[in-house]
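Visitor: Top line first, the protein sequences correspond to chains A and B. For the first sequence, our numbering begins at 1 and goes up steadily by one. For the second sequence, our numbering begins at 390 and goes up steadily by one.
To be clear, the hints were calculated from the coordinates, so they are not data collected in a lab. In this text, all values refer to a predicted model and were calculated from it rather than measured experimentally. Wrong hints could be hidden among the right ones.
[What the hints assert, rightly or not] These stretches of chain B come out as covered by chain A in the derived footprint (C-beta under 8 Å, 3 or more residues):
no., region
1, 493-507
2, 512-524
[Unchecked claim] Among chain A residues calculated to face chain B with C-beta under 8 Å, some are:
no., residue
3, 69
4, 73
5, 74
6, 93
7, 260
8, 263
9, 265
10, 266
11, 275
12, 277
13, 278
14, 280
15, 282
16, 293
Just so it is clear, CB atoms sit at the ideal spot from N, CA and C, and this is done for glycine as well.
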Amino acid sequence: MTFLTSRTRRTFVMAALLSLAIATAPAQNPTARIVTAANSFLETLTPAQRKVVIFDFNDTKQRARWSNFPTGFIPRSGISLRQMTPRERTAALTLLQTVLSPRGYEKVQQIMDGDEVTKLVEARNGNRPPGGPGGPPNGNGGPPPGASGQPGGAPPPGANPGGSGPPRLSGDMFGKDLYFISFLGTPSTTSPWMIQFGGHHLALNITIAGDQGVLTPTLTGAQPALYTANGKIVRPLGQESDKALALLNALDDTERKQAVLSYQLADLVLGPGQDGVILQPEGLKASAMTGRQRAMLLDVISEWAGIINKSAAEARMAQLKADLDDTWFSWSGPTTGTPGKNITAYYRIQGPHLVIEYAPQTLGGDPALHVHTMYRDPTNDYGAALVKK
Amino acid sequence: MTRKLILLAALVLASTPLASAHRLDEYLQATLLTLHKDQVQASMRLIPGVSISAAVIAAIDTNHDGTLSPEEQRSYAEHVLGDLTLTANGQRLQPTLVSFTFPQPGEMREGTGEIHLDYTVALPKLGPTRALMLEDRHLPQASVYLVNVLAPTDRDLSVTAQKRNSQQSVYELDWTQANLPPAHWWTITNSVGFAGIFRLGMRHIAEGTDHLLFLLALLLPAPLLAQQGRWGAPAAVRPSIVRILKIVTAFTLGHSVTLALAAFGIVHVPGRPIEVLIAVSILVSAIHALRPVFPGREAWIAAFFGLIHGLAFATTLGELGLDRWQRVTGLLAFNLGIETMQMIVVALTLPSLLLLSRTRAYPAFRIPAALFAAFASLGWIIERTSTLTLPVDSIVNAAAHHAAAVAAALFFASLAASARAPHSLLGGAAKRSYL
Chain A
1 MTFLTSRTRR
11 TFVMAALLSL
21 AIATAPAQNP
31 TARIVTAANS
41 FLETLTPAQR
51 KVVIFDFNDT
61 KQRARWSNFP
71 TGFIPRSGIS
81 LRQMTPRERT
91 AALTLLQTVL
101 SPRGYEKVQQ
111 IMDGDEVTKL
121 VEARNGNRPP
131 GGPGGPPNGN
141 GGPPPGASGQ
151 PGGAPPPGAN
161 PGGSGPPRLS
171 GDMFGKDLYF
181 ISFLGTPSTT
191 SPWMIQFGGH
201 HLALNITIAG
211 DQGVLTPTLT
221 GAQPALYTAN
231 GKIVRPLGQE
241 SDKALALLNA
251 LDDTERKQAV
261 LSYQLADLVL
271 GPGQDGVILQ
281 PEGLKASAMT
291 GRQRAMLLDV
301 ISEWAGIINK
311 SAAEARMAQL
321 KADLDDTWFS
331 WSGPTTGTPG
341 KNITAYYRIQ
351 GPHLVIEYAP
361 QTLGGDPALH
371 VHTMYRDPTN
381 DYGAALVKK
Chain B
390 MTRKLILLAA
400 LVLASTPLAS
410 AHRLDEYLQA
420 TLLTLHKDQV
430 QASMRLIPGV
440 SISAAVIAAI
450 DTNHDGTLSP
460 EEQRSYAEHV
470 LGDLTLTANG
480 QRLQPTLVSF
490 TFPQPGEMRE
500 GTGEIHLDYT
510 VALPKLGPTR
520 ALMLEDRHLP
530 QASVYLVNVL
540 APTDRDLSVT
550 AQKRNSQQSV
560 YELDWTQANL
570 PPAHWWTITN
580 SVGFAGIFRL
590 GMRHIAEGTD
600 HLLFLLALLL
610 PAPLLAQQGR
620 WGAPAAVRPS
630 IVRILKIVTA
640 FTLGHSVTLA
650 LAAFGIVHVP
660 GRPIEVLIAV
670 SILVSAIHAL
680 RPVFPGREAW
690 IAAFFGLIHG
700 LAFATTLGEL
710 GLDRWQRVTG
720 LLAFNLGIET
730 MQMIVVALTL
740 PSLLLLSRTR
750 AYPAFRIPAA
760 LFAAFASLGW
770 IIERTSTLTL
780 PVDSIVNAAA
790 HHAAAVAAAL
800 FFASLAASAR
810 APHSLLGGAA
820 KRSYL
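Same shape as in the complex, but just chain B (with noise of 0.2 Å):
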């Protein structure tokens, strides 16, 4: 059939063009695409012109009985959709005509007749980056081509380019998916995974000075033991332990528990006075560490200011704009690299603010530390509250900067301290009083 109709194709155009009325020597193929998630659907009109219209009917027409049966149509309509070439982001498609109507022969060789052609292609899983290859080798000598997409009505779908060839029988179509179900439970959308989640929440610690400056503030004074309103004698190490490790899981309850409200958008608080309560919590803990304000009760302190600083955590992970599926995910990723970093800075800090406590050089870095950590809230407080810019963070995040180095230089330091010191777990009988 495909031989016949490009030898009758080549015939009719050679015949004579007439002055007036309408297309003459063309075949316009004018296709609309409609985008969907799972499928592309495809409307196609095909008007012959005057002159070629003898060679279209002819080739539909094959017993040539001067009407198109309904086997002809569609035999005819399939044989249009094998000359298309589809490919959905590089994969091969095969369309599926869904429906088709015929003009009458008369009305064809008019110029006026048109052949309407449904049919859709079935699309793959794809990545949200998407692009439909469409070609069209139907009768190419006499068609001129049009392609275009409806501008999609699905508000995950947007269209991001649209490249033919000269003539159009060539189109290309670009466009991206949002709101993709995740492929595997471990990627919780296509931008961000869990993993990468898990790392957003251990950077927010580790760079989050506040709050780790909450914590090491609450930490100072908890290898101590509150005497008539000042701060005394090192407790014995494994009520040290036990304290550190209750401050630190009530913190960790606290903050868990505001994150996953916040997150679902149960609850709902601005984000400027949260900053500025978070700024208070490290004030409170740092005046703690210098002086016995609440001993005994960190923990329901930690817990308390850490339902202050779940809030906080909330904006951050809500900036990911995550479904609400995704953010049950999304919550567990980030709260475990909170959890992590935090247990990180524990372990790293804890051998240390154990050795040196035991030691008299203790209060030298205690009352320093808390001084700093008081400043800075101090700071914060007024940056938060007024439009004055203070270079707090500067100097913060200039000292977080070499955590590491700050926290191997302490570890060394308390290791020399405690070697010299008669309490010193290091040191000897007189530890074993202690545990």
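Isolated chain A (complex conformation) (with noise of 0.2 Å):
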């Protein structure tokens, strides 16, 4: 008896011991896996490269270099997709997935192959043809103003002034390869360091600092924001249209009246340039919601928090649920929506560490298809607050 019961103890210690191993085994935190991949894409690029993509740490205007605007209106710095060799795009990828969660990834993607679609759109229009393979290397951190959007040897657009049309679209305009990636100081497990990726329609700032990881501030937006591909719908922001819709209608009517503002948001009011602002709150409060309606508000607030990898989006999540009481929902549009569509209204949610917009463009027909969302924390954009510290 008193046998068994020292070999079953000893069985559990062993157990324990084992698991406790096998947890540890890849002995890799998620900041010490992101610094591997993140090493593993700089070494594939040779010297000149890796001089244009890595930035000063403290390189302000490098970190504000981002819009909601096609790379070819807006030049971004780095390198592009188009720019790497497979094995880089393909480490480059692979770094992207290893800081982003699987559906952060997956939504990222679906943004790059929406401006795919858009570019084969805009050529079948006749707005010129897909630029040629290669492109223009521009790999010096920028071209002067102007001389983008037309590599061809195109007429300069100021020619006529007064009178110049829209700028021209072209393959160099749009298209999935069109993503720029860069760093601002190098990647490590202890000092602060930032990973940028983005290109039309995408912005994400990704500040590492030990074990911390912020995504603050990152712009996701999409047009046509439902296209199909392989023969299924897909909407890159569809669940941040649904599950704002179906928080609305979760709100009983005075609450509504309180969410639902009585004048328009044309915009984004802290787009690409407006970090660390602080609005006044508008709406209503989450203290006033249900138990219900508060879940249904931090789901929604996942949709942007979870883009990011697993470790870090839970810490943010409890950060944003830790100050659910003082985060506010408001709206602006129509407060209907029309199921399998994106909503055609913009709403914002704002916390003390917290504010997302949703914002519908009127441009190009129907604002369902087009939107612009930005996913801020004012008060630690690009991760001030942790570097402060």
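Using the hints, put the two chains back together into the complex; each one sits in its own frame.
Guide: Written as structure tokens, this is what we have:
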């Protein structure tokens, strides 16, 4: 009896030790894995490329060099997927997969694929054929303004002042490979550094400081916000639309009256360049919501907070959950939607450490097909709060 | 220039839009306001869409040389400010241009150029409730507007409402400002004036029955002489008046000292023990009114318990949340209110006490009154040291409620009693021996 018991006990101890060993066997926390993936990517680059891709951590100009615009309008720095060799591209996407959650990575892919759809549509509409393979090697950190957008010897648009139409669109304007990667600082498990990845309708600004990962500010957008790929309908930002509408529908009349603003919002209030701005909040405060509504609000928020990898996302969600009483939800525009289509209304979620804006764009006809969103922590843009410590 | 702009804008609106890329036929005007106590700062971003950019460029580049000179930029910036209407609480205000930056015409043609204007609006002297109206009439046919205010970092400022028309071209910001410096010395804060705090002081005595009861109990034996451990014959009128004035003055001195000390946070005593001590002070003076405990030293007792009553007054004053400087005037107003009410009470009861003390009927008034005070104070002591609730307050308040009638009845009763009394002040020759 005693023998059996002690043997059982020993088995338990062995099992516990074994499982502990398995749990720590990869021995790499998320930051270590990200650093490894980043270094693997950087090793594939030539020294000249590496020079172009790495900026000083405190380069405030590069930090803010992101936009909702196509890269042809607002040039990004770093190097694009188009400029990369297949090996480099694989390493870059592996890094992205490591730093993001599976759903976040998928969302990014769908935004990029959407831009490919735009490229094909524009080509079909005769707005110049897609650019030839290779494209212009703009590796020197940004061409002068005005030099973008007309690679093939097109007449300069400024030739007839006053009457120049919109800029020409081409394969250098859209496409899933016109997304740029850059680094601020060098990958490290201890000191802070940043990965930027973006292009048209996408700007990921990821600050990594020790075991912490910060995704703010990040811009996502989509046009077309609904397209068919491999026979399947894709809505890159469909959950952002559906979950928010569900929350609005879950509000009672009094709550809805508070949440729905009486005026139009034509665009993002805190779009590119508006870092660290803390607005006077408006709308319905989550402290007045029911438990179910609060859970739905958190679920909407998770569409942005969950883009980054699991451990960083969990820490962020815990912070936002703690802030929930002081978090506001406001809505402007139509309060109804069509199932399977995006809303055409603007909404904002604002808390002490959060601003989310969802802004359909009237441009190009159907606002349901064109959306810009912004995800911020005005107190911690580019990890400012982490770096201060 | 305005007419040309509108004309161009109208032309541009008719031009063809494009499927992709960005802002086209709209002129986005986004304003962020920052509130300060004496001014409002505004930061304006103006972003012409692709198809309106030519009109905007033409409006800025008045000499059509293809560049935007600093003079042309300033002139356009001033023109934009000229298209704004700003009022604060209905008063028309003028914006002052602080800075401006313009993009290259090429950037504007692509729809990515942002014009930045910063301006300020000085606020006139306003009350605590404030409203700023901002109407933007710059290119209304082509423009979309965004107007927002930053959450104020100044703790004295709090935004109460933001109202906009549907386009946001008309915006109203309502806010309040706390801790405004007083406009006049007698307006202590904008919610409470000198007169208000003075009345508060008066009410505190009139309704603070425990303070009143203490004082009255102490005054009850004041016109009498202590003889062999008992209250005996009435004292002469002049020494009686002097003694009463001494008691009242000592009480005033005592409570003024602690009221001032507590109001400025020099002493801080929890409220509950003070309330108990006040009840004890009533009990002590009630016992003294029955049998002389400290004859001749009433003023000292009044001063000592005055110190305790002053701490209770300070609690009331503290609830007003005055700042340090406001407290000086607040303290003065409050104390004057207390003294005034005290003087009224003494003026109303003193003649009756003097008259009645000279009659045989006086013990019949003094003893029940002292017993009433003693029982009330005992009730309060029990209430304030335990969780028991006794009907003390309601009984005392009922009596206090009819204070004027009681005082009048007392006065007439004393007149009637003294008309028949040998030692009466109204009793002819005998009175001289006492004067």
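Visitor: Broken hints, numbered, in rising order?
Guide: 2, 6, 7, 11 and 16
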